[in-house]
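Visitor: Sequence:
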Amino acid sequence: MKSRDKKHNKLKIKKISISLSLMELMQVLQKLFFYHVQRLRIEQHLQ
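Quick note: the sequence shown uses the numbering used here, first residue 224, plus one each step.
Do not rely on the hints blindly, as some may be mistaken.
To be verified - Have a look at the derived ranges for each label pair, beta carbon to beta carbon: (1) Lys230 / Leu269: 54 to 64 angstroms; (2) Lys237 / Phe257: 47 to 57 angstroms; (3) Lys254 / Lys230: 35 to 45 angstroms; (4) Arg227 / Val251: 35 to 45 angstroms.
Claimed, not checked - With a cut-off of at most 20 angstroms between alpha-carbon atoms, the simulated DMTMM-like pairs for lysine to aspartate or glutamate come out as follows: (5) Lys238 / Asp228; (6) Lys235 / Glu247; (7) Lys237 / Glu247; (8) Lys229 / Glu247.
Worth flagging that the hints you see were computed from the coordinates, not collected in a lab. As the structure is a prediction and not an experimental result, all values here were calculated from the model. Virtual Cβ for every residue (Gly too), placed ideally from N, Cα, C.
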């Protein structure tokens, strides 16, 4: 019984860390997207 609880806790922690890394990934993607949009705007201005 005890060992099963431990395993369950580990799974919980794993899920939490995965969701955290997903959040980070989303943030990075957003930054890249914004950067890309800014660059496109600048290029349009230059033309």
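Visitor: Now tell me, hint by hint, if it's right for this structure.
Guide: So, going through the hints one by one against the coordinates:
no.	hint	verdict
1	Lys230 / Leu269: 54 to 64 angstroms	59 angstroms, holds
2	Lys237 / Phe257: 47 to 57 angstroms	31 angstroms, violated
3	Lys254 / Lys230: 35 to 45 angstroms	37 angstroms, holds
4	Arg227 / Val251: 35 to 45 angstroms	37 angstroms, holds
5	Lys238 / Asp228	15 angstroms, holds
6	Lys235 / Glu247	19 angstroms, holds
7	Lys237 / Glu247	15 angstroms, holds
8	Lys229 / Glu247	27 angstroms, violated
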